[in-house]
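**Q** So the sequence shown is numbered by our numbering: it starts at 1 and just counts up by one.
Rather than coming from a laboratory, the hints here were simulated on the basis of the structure. Among these hints, one or two may not hold up.
Stated by the list, open to error - Pairs of lysine-lysine, DSSO-like flavour, derived with a Cα cap of 27 Å:
hint, residue 1, residue 2
1, K229, K349
2, K130, K299
3, K299, K349
4, K163, K122
Computed from a prediction, not measured in an experiment: that's the story for all the values here.
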Amino acid sequence: MLFSLDWLRQYVDLPEEPQAIGRRLTFAGFAIDGTLETSDGVVFDIDVTTNRPDAMNHVGLARELAVLYERPLQLPAAALAEVPETVGSAVAVEVDDPEGCPRFVARVIRGVRIGESPEWLKRRLQAIGKNPINNVVDVTNFVLWEMGQPLHAYDLAKIAGPKIVVRRAAEGERLTTLDGVDRVLDPAMLVIADASRPVGLAGVMGGADSEVTAATVDILLEGAHFDRKAVRIAAKRLGLHTDASHRFERGADLGACLRAVDRAAALIAEIAGGQVLAGSIDERGPERPVRQGRLDLAKLDAFAGVAIPAADAERWLAGLGFAPRAAGPGVLAVTVPSWRYYDFEPRPKGGEVYPQDLYEEVMRIFGFENIPPALPALGDPDGHPNLAAARRRKIKRHLAACGFAEAVNFAFVDPAGDSAFPSLRPDARPLPLENPISERASVMRRSLVPGLVESARFNQRRGAPAVRLFEVATVFFDDPDALLPDQPEMVGLLCGGTVGTPWERLAELDLFDLKGVVESLSQEMGVRLAARPGSAENLPGLVTGTAAELYRPEHPGEVVGFFGRVAAGEGYPLYVAEVAAEALDLEGPIDLTIDPPSRFPGIDADVTLTHALDVPWAAIEAAIRETAAAPSGGAPDLVSFGLTVRYRGEGVPAGAVNTTIHFFYNSRERSLTQEEVNVQQQALTADLERRFGFRG
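Please model the entire structure based on the sequences and the hints provided.
**A** See below:
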């Protein structure tokens with residue numbers, strides 16, 4: 001947001017150079033994004049936060065500078081010369097929705113001559129990037145940027161009645177706004193209407209049918225206060241963002257309406273030659289409660305960690321408009337000024353504003369840079385550690401140690417993308433957002449996979465040779481019987497591409513790398529996950545034959561995750577997995593018994609099985625466990641086994657793959673003989689050949 005230094009100096013005497021002024025503002029909470037040297041003087045580009053609409057104008061920012069430099073604030077005067085005719089005889093105002101419009105102020109100026117603005121006014125607007133239009137419209141823009149109150153000028157001759165009605169729009173009612181767009185309105189939108197039709201969209205933009213033109217003679221000047229929610233809804237639905245809506249959405253000053261209208265009327269009469277009718281129309285709704293609070297100076301010092309002189313604190317609060325007064329020894333009672341009303345929320349009990357908000361006001365004027373750094377006191381913990389948070393930290397640390405980077409994606413996704421990948425609850429319907437930021441982000445995610453895939457493809461398109469990402473976050477499932485949707489925490493993984501260096505060893509990440517990380521994570525968490533082939537219906541978006549569902553052997557009927565290769569996409573293949581975080585929790589007490597290794601030597605065996613390409617390793621793994629554990633025969637001395645390598649190439653039939661499996665046999669009672677191991681291994685190999693041997 002741009003502010004002219006010359007303009008600011010109209011209201012406060014600033015003794016320092018622009019760079020020094022910028023530093024003072026930054027330390028007081030108004031970060032300077034840039035200082036521009038223009039033909040109209042020095043201009044500050046200031047990041048005014050959304051909770052400070054009072055500083056989105058030159059007088060408001062000058063008030064801050066006046067306190068920082070301890071100089072008087074010179075407010076603009078409105079010297080009105082009125083004619084005997086009263087404003088009530090020229091126009092009537094009716095507010096049908098006092099909640100949407102708590103205050104509406106109007107004045108009438110007759111006999112204006114529309115033309116160019118004087119040079120001083122044009123320079124003021126041009127300095128902050130605003131193009132002059134005509135003398136009347138320029139005055140309304142000038143007062144907006146001077147005092148922060150949006151104004152609008154209507155051609156009184158184009159107002160039917162003449163009467164102004166503030167009401168909700170009728171369903172399907174239309175309004176052509178000043179930008180020339182014909183817009184369809186709905187009852188959620190607040191409009192300014194005359195006796196027959198809407199003439200403006202309240203707080204957003206005026207209508208083209210009542211705009212000021214070169215033929216305008218009489219002006220109806222409006223300065224109103226509109227409900228923040230009503231303005232936000234209208235601006236959002238119609239895709240409009242204006243200087244007026246920007247301020248109303250954040251909370252304009254209810255008390256500034258009349259002052260701003262009087263100031264603008266005086267300027268229009270001065271530069272456009274008009275006559276201001278006597279009096280003003282000031283329609284007001286129910287009075288809102290005044291917000292008050294108390295500042296304990298001793299607690300302020302304890303909060304800040306430094307002694308702040310009481311006289312300074314009282315003087316600074318007075319300069320900011322809080323009207324401090326003594327309320328006991330070392331205690332100040334304050335009243336929140338109207339321009340800071342929305343920035344100071346009252347506490348639920350007692351109704352006073354939070355004292356921490358008042359501490360901040362004093363501390364930022366004192367200067368955060370003047371508060372000495374100190375380590376916080378470490379007291380006793382407030383309660384037992386959060387088990388879910390501890391689990392989350394452990395998962396993240398392990399996955400980071402495995403070489404994966406953490407991703408944080410939006411919880412709202414594209415409906416098409418959400419349904420293109422698996423979910424632990426495919427029957428749960430996506431939860432739509434009532435007010436989505438776009439169609440591509442209109443439902444709550446049911447899986448972490450769509451976000452991870454989108455992040456990976458973003459990196460792929462920019463030439464990343466490999467992607468390894470994880471995310472630990474919640475997904476959302478509709479529960480018609482509950483007040484809120486079910487929100488389980490999930491662990492998502494994705495990898496793909498080539499890792500390593502040419503002078504060491506390049507390796508292409510594949511499904512087994514991902515599976516190894518899932519197994520490693522489950523071992524780290526002290527649980528065991530098993531895999532079984534999943535159907536194409538349950539695992540959409542994944543390549544059949546490479547996708548499997550995950551479950552815990554103690555609950556074989558409950559699917560807790562999945563993994564597989566992503567079917568669609570360009571560039572190197574991507575592999576994804578998702579596991580319910582709760583499935584990584586131990587059930588029951590932790591078994592702390594130690595299983596020492598055998599003191600006798602073991603025997604290794606390698607077997608290569610030729611089988612069809614679409615047979616997954618999970619099926620082979622399950623068959624080995626089943627055969628080894630058979631009551632008759634089996635392989636009682638088999639301790640462990642694992643996949644060593646899969647090979648397709650010369651010597652392997654088309655449609656087949658060679659899978660080499662490593663077996664390890666051992667006994668705790670004695671040393672095994674090679675003959676004993678051969679008998680057990682031959683039985684296992686024969687069973688694998690019978691079940692999976694290639695018969696192409």
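**Q** Given the hinted pair K130 and K299, is their alpha-carbon gap at most 27 Å?
**A** The given pair, whose Cα atoms are some 46 Å apart, is violated under the 27 Å limit.
**Q** Are the Cα atoms of K163 and K122 separated by 27 Å or less?
**A** violated (32 Å)
**Q** Has the given pair, K299 with K349, been kept, meaning a C-alpha gap of at most 27 Å?
**A** holds (20 Å)
**Q** For the pair supplied as a hint, K229 and K349, confirm whether the alpha-carbon distance does not exceed 27 Å.
**A** Roughly 25 Å between the alpha carbons, so the hint for K229 and K349 holds.
Comparing the model with each numbered hint stated earlier shows that hints 2 and 4 do not hold.
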